[in-house]
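J.: Since the structure of chain A is provided, determine the placement of chain B on it from the hints.
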Amino acid sequence: GNSVTQMEGPVTLSEEAFLTINCTYTATGYPSLFWYVQYPGEGLQLLLKATKADDKGSNKGFEATYRKETTSFHLEKGSVQVSDSAVYFCALSSRAGGTSYGKLTFGQGTILTVHP
Amino acid sequence: EAGVTQFPSHSVIEKGQTVTLRCDPISGHDNLYWYRRVMGKEIKFLLHFVKESKQDESGMPNNRFLAERTGGTYSTLKVQPAELEDSGVYFCASSQEWGWNTGELFFGEGSRLTVL
Numbered sequence: 042g043n044s045v046t047q048m049e050g051p052v053t054l055s056e057e058a059f060l061t062i063n064c065t066y067t068a069t070g071y072p073s074l075f076w077y078v079q080y081p082g083e084g085l086q087l088l089l090k091a092t093k094a095d096d097k098g099s100n101k102g103f104e105a106t107y108r109k110e111t112t113s114f115h116l117e118k119g120s121v122q123v124s125d126s127a128v129y130f131c132a133l134s135s136r137a138g139g140t141s142y143g144k145l146t147f148g149q150g151t152i153l154t155v156h157p
Numbered sequence: 002e003a004g005v006t007q008f009p010s011h012s013v014i015e016k017g018q019t020v021t022l023r024c025d026p027i028s029g030h031d032n033l034y035w036y037r038r039v040m041g042k043e044i045k046f047l048l049h050f051v052k053e054s055k056q057d058e059s060g061m062p063n064n065r066f067l068a069e070r071t072g073g074t075y076s077t078l079k080v081q082p083a084e085l086e087d088s089g090v091y092f093c094a095s096s097q098e099w100g101w102n103t104g105e106l107f108f109g110e111g112s113r114l115t116v117l
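Protein chains in written order, with my numbering: chain A, 42 to 157; chain B, 2 to 117.
Mixed in with the good hints there might be a few duds.
Here are the simulated PhoX-like pairs of lysine-lysine, each with C-alpha atoms no more than 25 Å apart in a straight line [as the list claims (entries may be wrong)]:
hint, chain 1, residue 1, chain 2, residue 2
1, A, K93, A, K109
2, A, K109, A, K97
3, B, K16, B, K45
4, A, K93, B, K45
5, A, K109, B, K45
6, A, K93, A, K118
If you're looking for bench data, these hints aren't it; they were derived computationally from the structure. Values in this document were obtained by computation on a predicted structure and should not be read as measured data.
Next up, chain A with everything else stripped away, as it sits in the complex:
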């Protein structure tokens, strides 16, 4: 079956530090990959996505590259801000096996705290 593994948290950084949150996956077929973010008091929202190998998703200074050879989709940002403090979820969607669209498989989430 499908699975997503994220690096253990929480992650605590100082403002302007470099961020990497590791994500690896196991999936049948050719999945689409996503990063969702949940800010305090809000619902999850899509941060970025990639739908095929070597695609790079990017948004708000965050980037992630779909690496089929290493089955990874690591999230990176060159200079974090206090406002980036949130919970980050890596997820995949695979149509293989007749599963329905919208059936996302999530990682366990990584709490990021950025201090001034």
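T.: Chain B in isolation, oriented as in the chain A frame:
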């Protein structure tokens, strides 16, 4: 435009009682999903509605859980009778469409359920 709204935000009940969670999706979104996050673990898929029909309910844990979507608008998720292991955060999400390359789910803030 209003986002996905969920009610209640937090519910505390005794084991054996009944709880009903409600979700109002974004207007015009035919697809509605329920997910659950238990004890800080990964978010897991419960089921998917397309309008009023259940497209995929493979993630429903057991027959104590009943989901409905009357008239293809709002949805309810009833847990009866509740058990301790049902505690967690229940997320609702909606989408206008879900294509292989375009899908994005819009999530509510979640309903936290505590079973004592």
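J.: Hints first: check each against the structure and report whether it holds.
T.: Here is what the structure says about each hint:
Taking the CA atoms of K93 of chain A and K109 of chain A, the gap is about 8 Å. The hint holds against a cut of 25 Å. Proposed proximity of K109 of chain A and K97 of chain A is supported: the alpha carbons are some 12 Å apart, at most 25 Å. Note on K16 of chain B and K45 of chain B: the hinted pairing holds, with a Cα-Cα distance of about 22 Å set against a maximum of 25 Å. Restraint check for K93 of chain A and K45 of chain B: the C-alpha separation of about 23 Å stays at or below 25 Å, so the hint holds.
Distance check on the hinted pair: K109 of chain A and K45 of chain B sit about 24 Å apart at the alpha-carbon level, within 25 Å; holds. The hinted pair formed by K93 of chain A and K118 of chain A meets the criterion: a straight-line CA distance of about 21 Å does not exceed 25 Å.
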